[in-house]
Amino acid sequence: MLDAGTIAVYSFAVITVISALFVLITRHILHAAFGLLVCLLGIAGLYLLAGAEFLGVTQLLVYAGGILVLIIFGIMLTNRADGKTIKAGNHRVIPGILAGLAIFLLFTQIYSQSSFRDSLRSTDNNIPLMGHPVESLGVEIMTRYLLPFELIAVILLVILVGSLFISKKENDTN
Amino acid sequence: MATNVNLSDLSILLLFLVGGAIFTIGGIVTSRLLRNDKPNKEKNTSYESGEDPVGNAWGQFNLRFYLVALMFLLFEVELIFLFPWATVFGDKQLIAETNGVWGWLVWFEMMIFIFILVLGLAYAWRKGFIAWEKPRQSVYLFKSPVPGKLYEDFNKKMTEKEYGRKK
Amino acid sequence: MLLAADISVYIDEIIRSLPLLTTEYTLVLSIIAIIVMDLLFGKENPQLLYMAATTGLLVALIASINDWNTVEGPQNIFENMIRVNRLSLFLSILLIIATLLTILITSFEKPFKEEKKGEGEYFSLLTLITLGSILMVKANHFLMFFLALETVSMGSYLIAGFKFDRKGSEGAMKYVLFGAFASAIMLYGISLLYGYTNSFGFIDLTEIAAQGRQIDFGLGFALIMIISGLFFKISIFPFHVWVPDVYKAAPTSITAFFSIVPKIAGLMMMFNIVNRMGINDLEISSISLHLDEMLGIAAIFTLIVANFSAIWQKSGKRMMAYSSISHAGFMMIAILSLTEMGLYALLFYIFIYILMNYGVFFILIKLENATGSDEISDFKGMGKAAPVASTALVILMISLTGLPPTAGFTAKFILFTTVWENFELSGQYIYLFLLLIGLGISVVALFYYLRIPYFMYFKESEGKREPVTFNLFELIFLLFLTTPIFLLFFQPDWLFDVINSINFASN
Numbered sequence: 000m001l002d003a004g005t006i007a008v009y010s011f012a013v014i015t016v017i018s019a020l021f022v023l024i025t026r027h028i029l030h031a032a033f034g035l036l037v038c039l040l041g042i043a044g045l046y047l048l049a050g051a052e053f054l055g056v057t058q059l060l061v062y063a064g065g066i067l068v069l070i071i072f073g074i075m076l077t078n079r080a081d082g083k084t085i086k087a088g089n090h091r092v093i094p095g096i097l098a099g100l101a102i103f104l105l106f107t108q109i110y111s112q113s114s115f116r117d118s119l120r121s122t123d124n125n126i127p128l129m130g131h132p133v134e135s136l137g138v139e140i141m142t143r144y145l146l147p148f149e150l151i152a153v154i155l156l157v158i159l160v161g162s163l164f165i166s167k168k169e170n171d172t173n
Numbered sequence: 000m001a002t003n004v005n006l007s008d009l010s011i012l013l014l015f016l017v018g019g020a021i022f023t024i025g026g027i028v029t030s031r032l033l034r035n036d037k038p039n040k041e042k043n044t045s046y047e048s049g050e051d052p053v054g055n056a057w058g059q060f061n062l063r064f065y066l067v068a069l070m071f072l073l074f075e076v077e078l079i080f081l082f083p084w085a086t087v088f089g090d091k092q093l094i095a096e097t098n099g100v101w102g103w104l105v106w107f108e109m110m111i112f113i114f115i116l117v118l119g120l121a122y123a124w125r126k127g128f129i130a131w132e133k134p135r136q137s138v139y140l141f142k143s144p145v146p147g148k149l150y151e152d153f154n155k156k157m158t159e160k161e162y163g164r165k166k
Numbered sequence: 000m001l002l003a004a005d006i007s008v009y010i011d012e013i014i015r016s017l018p019l020l021t022t023e024y025t026l027v028l029s030i031i032a033i034i035v036m037d038l039l040f041g042k043e044n045p046q047l048l049y050m051a052a053t054t055g056l057l058v059a060l061i062a063s064i065n066d067w068n069t070v071e072g073p074q075n076i077f078e079n080m081i082r083v084n085r086l087s088l089f090l091s092i093l094l095i096i097a098t099l100l101t102i103l104i105t106s107f108e109k110p111f112k113e114e115k116k117g118e119g120e121y122f123s124l125l126t127l128i129t130l131g132s133i134l135m136v137k138a139n140h141f142l143m144f145f146l147a148l149e150t151v152s153m154g155s156y157l158i159a160g161f162k163f164d165r166k167g168s169e170g171a172m173k174y175v176l177f178g179a180f181a182s183a184i185m186l187y188g189i190s191l192l193y194g195y196t197n198s199f200g201f202i203d204l205t206e207i208a209a210q211g212r213q214i215d216f217g218l219g220f221a222l223i224m225i226i227s228g229l230f231f232k233i234s235i236f237p238f239h240v241w242v243p244d245v246y247k248a249a250p251t252s253i254t255a256f257f258s259i260v261p262k263i264a265g266l267m268m269m270f271n272i273v274n275r276m277g278i279n280d281l282e283i284s285s286i287s288l289h290l291d292e293m294l295g296i297a298a299i300f301t302l303i304v305a306n307f308s309a310i311w312q313k314s315g316k317r318m319m320a321y322s323s324i325s326h327a328g329f330m331m332i333a334i335l336s337l338t339e340m341g342l343y344a345l346l347f348y349i350f351i352y353i354l355m356n357y358g359v360f361f362i363l364i365k366l367e368n369a370t371g372s373d374e375i376s377d378f379k380g381m382g383k384a385a386p387v388a389s390t391a392l393v394i395l396m397i398s399l400t401g402l403p404p405t406a407g408f409t410a411k412f413i414l415f416t417t418v419w420e421n422f423e424l425s426g427q428y429i430y431l432f433l434l435l436i437g438l439g440i441s442v443v444a445l446f447y448y449l450r451i452p453y454f455m456y457f458k459e460s461e462g463k464r465e466p467v468t469f470n471l472f473e474l475i476f477l478l479f480l481t482t483p484i485f486l487l488f489f490q491p492d493w494l495f496d497v498i499n500s501i502n503f504a505s506n
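Residue numbers (numbering that gives the first Met the number 0), protein chains in the order written: chain A, 0 to 173; chain B, 0 to 166; chain C, 0 to 506.
Here chain A stands alone, though its shape is the one from the complex:
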C-alpha cells in the first residue's frame, strides 16, 4: 500500500539508520556530531508519524536542542590548541559487525513471531480522555504518576548540584 504515510515512515527510518551508520563510520568527531543531529531529527519525525506529538516536540527540544548542543560544546572544549581535531578510531571492526548482525537477526526473529497486545486502545487502562492528548498527559502526571514526578524534581536538583560541582575549575573563587 504505497501512500504518503508509508512512504514518510520508511523514508524517515532510512534517514535515521543511514545517519547512525555515518556516526559510527566517520573519523572526524564534529561530522559525527552532525550525523547525530540528523539521526535525532529522524527519530523526532518517527515519533510524530506515530501520533505522539508531545514526545516528538520533547525530542526536538531536549535532544536536538539541548543534548546535541552539550555534545558540540564538549567537542569544542577538548579540541587542541593547534587546530587539529581529535580523530575517532575504529577498533575491533569485525567483532562489532558480527555482534550487530547477530542482534539484528535476533530482533527480526522476535518481532516477526510475536503478537504485541494492543495496549493504549484497550479500555481497562482507565486513562481520562480529555480533549487533547497533552491535557490527558497533564491529568495523568498530577494524579496517577505523582510520585515519579516529584522524584524527578529531586533527581534534577541533586544532579544539577553534583555536575556543576565536578565541573568547577579549582582556582575559581566564589
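Derived from the structure by calculation, the hints contain no laboratory data. Please note that the accuracy of each hint is not assured.
[Unchecked claim] Residues from chain A that face chain C, not an exhaustive set, calculated with beta carbons under 10 Å: (1) 143; (2) 160; (3) 164.
[What the hints assert, rightly or not] Computed list of lysine-lysine pairs in DSS-like fashion (alpha-carbon distance at most 25 Å, straight line): (4) C:42 <-> B:126; (5) A:86 <-> B:37; (6) A:168 <-> C:109; (7) A:167 <-> C:109; (8) B:126 <-> C:116; (9) A:167 <-> C:112; (10) C:42 <-> A:167; (11) A:167 <-> C:247; (12) C:173 <-> A:86; (13) A:168 <-> C:116; (14) A:168 <-> C:115; (15) C:166 <-> C:115; (16) A:167 <-> C:115; (17) C:112 <-> A:168; (18) C:162 <-> A:168; (19) C:42 <-> A:168; (20) B:126 <-> C:112; (21) C:166 <-> A:168; (22) C:173 <-> C:115; (23) B:126 <-> A:167.
No residue lacks a Cβ here, since even glycine has one placed at the ideal position from N, Cα and C.
Once you've looked at the hints, dock chains B and C against the given chain A.
Chains B and C alone, transformed into the frame defined by chain A:
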C-alpha cells in the same frame, strides 16, 4: 501502519519543519560529496585581508558556555513538565467536579516541583556559575622616577606652540 | 469525555498513600536542608554539614522504625507504584544505618581537598543514593523501578569521581559508560515486556504463560535483558568488569558505600522481581532454557571468576572489590531458592555483610591515612603496633571466608542448608552444582582472605613510615562492628526473631 493515524495539524507542521531541516542538510552533504576537492597549501590558509596570517585562530574555549548549556538542559526538562500542567491547571470542568480540590491540589504539587528546582537555581547563582562579567583587573601602581609635573609642562608648551600660533 | 468518578478516585488514592512514605519525605527534606545550609553557612564551618546530614538520616531512621512498628500488612500505595511491607521497611532501616556508617567513616577519611571542598554536594549525593535505594526496595511498578535505579546510578556516577585526580576521573568515566549501556539494555527489555503484557506492574507471569510454564522467545528475551541490567548493578558475571576499576578509583569511604547500599538495593530488587513475576518457574520453550538455571549458572561463574581473580590482587581495595563480587554471587544463590528459607538466608547474609565490609574498609582507611597507599604488603608489622585492631581484622577476615566461630559461618551455613533443601525438593541438578561450587569456592577464598593476617603477624615492618595507630574512639567503633559477628555465632536468636517477624507469605 502509519496510514490510519490521525495526524493533527501540529504534527504536520512539525513534520514539515523536520523534513525541511533534513532536506537542507541533505543538500549541503550532497554538494560536499559532489564538488571538486583539490586543496593546496595556499587555498587552506585563512583569509586575513590580503596579509599572511600569523599564528592560528583557535582561542581557548571558555568553560562557562558548557556550564550554561548544562543548566539550560536541566531547566528545560522542568519546562517540559510545565507544559501539560499548564493545560489542565485551570480546567473549569475538573474543578467543578471535585468541588475545588483539583485546583488547590494541582497547584501545590507543581509548587513543590518548582520550589525544589528553584533551589537548584539558587545554588548555581550563589556559587557563581551564572556570573558573566570579566573579573576586575587589579590596578598596578607603577612608581615612575619622572615626576608628573614634567609631563604637564611639556604638554602645555607644545599646545601653546601649536595652537597659540593659530589663534 | 472525562469520567467524573476517575479524578475523585485518583485524588482519594493520593490522600490515602501520602502518610506511608514518611522516610522518603524526611530524606528529601534532608537533601534540601543540606543544600540550603551549604549555601548559607558552607564556607565558614563545614562541620555543620556533617551534622545536618547525620541529623536528617537519624530522623529518617526514626520514621522507618516507627513505620516498622505500625505497618501490619503489605500495602500497595500510589496506584501500585510502591508496595510497603515489613521486608522493605527492614531493608530501609538497614540501608539508612549503612549510610550513617558511611558518614562516620568519611569523617575519619576526610577526602575533601582544600581547594575544592565539596562537603555539601557529597552529603546531598549520598542522601540521594540512599533515597533511591529505599525506593528501589519498595517499588512495584517498572516506571518506579527504573526511576529509582537511575537515581542510584546517576548519584553513584557523580560521587565515584570525588577523588579529583586522573585515576579517579577515569574510574568514574568507565562507570558512566558501562552503566549507561546497561541501563539502555534494561529499558529496552522493559519496553518489550510492556508490549507483551500490556502492563508496567510486576505481574505474575506464570498466569499468562502457556501450559508447563512456557513463555515464548520474545518475552524470555525481554526478561533476560531486564535481568542483565540488574546484573550490572549487583555485579554478577559477565557484567562485573566495572567493579574493580571503579572501587579502586573512588575514595575508600565511597567504595565501602558502593559495596553495600546499591548492591543490597539491587539484590532486593532482583528478589522482588523474581518472586512477584514468578521467574523461577518459567522456561523459554524454543531453546528450552529454564530461567532459574540461567540465574544459577550466572551465580556459579560469578563465584569462580571473582574468587580466582582475587588471589592475584596486591591492592587491598581491589581485593575487597572481588570479595564483594563473590559475596554478591552467594546472595544470588539465595534469591534462586524456591522456599521461604531463601529469604531468611538472604536477610541474615545481608546483615552480616554490612558489618564485615564496614569493618574492613575502616581499617583500610586508617592504613591509607598512615601510609598513603592501600597495598596489602603495607600491613606488615601491624600485629605488633596495633594489637586490638589486628585481632578485629582477623575476626573480620575469618567471617568473610565463612569459618566458625563467626557469624559468616552461620550465614553460609543457612545458605547451603537452603540450597540442599531446594535440591531435595525439586531434584534439579543446578542446586547440587551450586552447593558443591559454593563449598569449594569458600576453600579458595581462604587463600586471599588470610593473606592480610599473614602480613600483619608474620612479617616485620620496615620502619620507613609511621605505624598505624588507633585511638580509643576508633577502637570502640571497631569493637561495635565486630562484637555482633562473634555474638551472632553463639546466640543468633536475636536476629532470627527480628527476621521472623517479617511475614514471608505476603511478599
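Tell me if residue 143 (chain A) is really an interface residue toward chain C, meaning its C-beta lies closer than 10 Å to one of theirs. holds, 5 Å
Given hint residue 116 (chain C) paired with residue 126 (chain B) - CA-CA distance at most 25 Å: holds, 13 Å
CA of residue 173 (chain C) to CA of residue 86 (chain A), is that 25 Å or under? holds, 20 Å
Given the proposed pairing of residue 167 (chain A) with residue 109 (chain C), does the C-alpha separation stay at or below 25 Å? holds, 20 Å
Need the status of pair residue 167 (chain A), residue 112 (chain C): alpha-carbon distance at most 25 Å? Answer holds: residue 167 (chain A) to residue 112 (chain C) is near 13 Å, not above 25 Å.
Is residue 167 (chain A) within 25 Å of residue 115 (chain C), Cα to Cα? holds, 8 Å
25 Å Cα cutoff - pair residue 42 (chain C), residue 168 (chain A): Holds, at roughly 17 Å.
For the hint on residue 160 (chain A), does the least C-beta distance to chain C fall short of 10 Å? holds, 6 Å
Residue 42 (chain C) and residue 126 (chain B) were given as a pair; does the straight-line alpha-carbon distance stay at or below 25 Å? At roughly 11 Å apart (the allowed maximum being 25 Å), residue 126 (chain B) and residue 42 (chain C) satisfy the hint.
Sort out whether residue 115 (chain C) lies within 25 Å of residue 166 (chain C), counting only the CA atoms. Answer holds: residue 166 (chain C) to residue 115 (chain C) is near 17 Å, not above 25 Å.
Against chain C, is residue 164 (chain A) within 10 Å by beta-carbon distance? holds, 4 Å
For residue 166 (chain C) and residue 168 (chain A), compute the direct alpha-carbon distance and say whether it is at most 25 Å. This hinted pair holds, its Cα atoms lying about 18 Å apart.
Every hint, counting from the list given before, is met by this structure.
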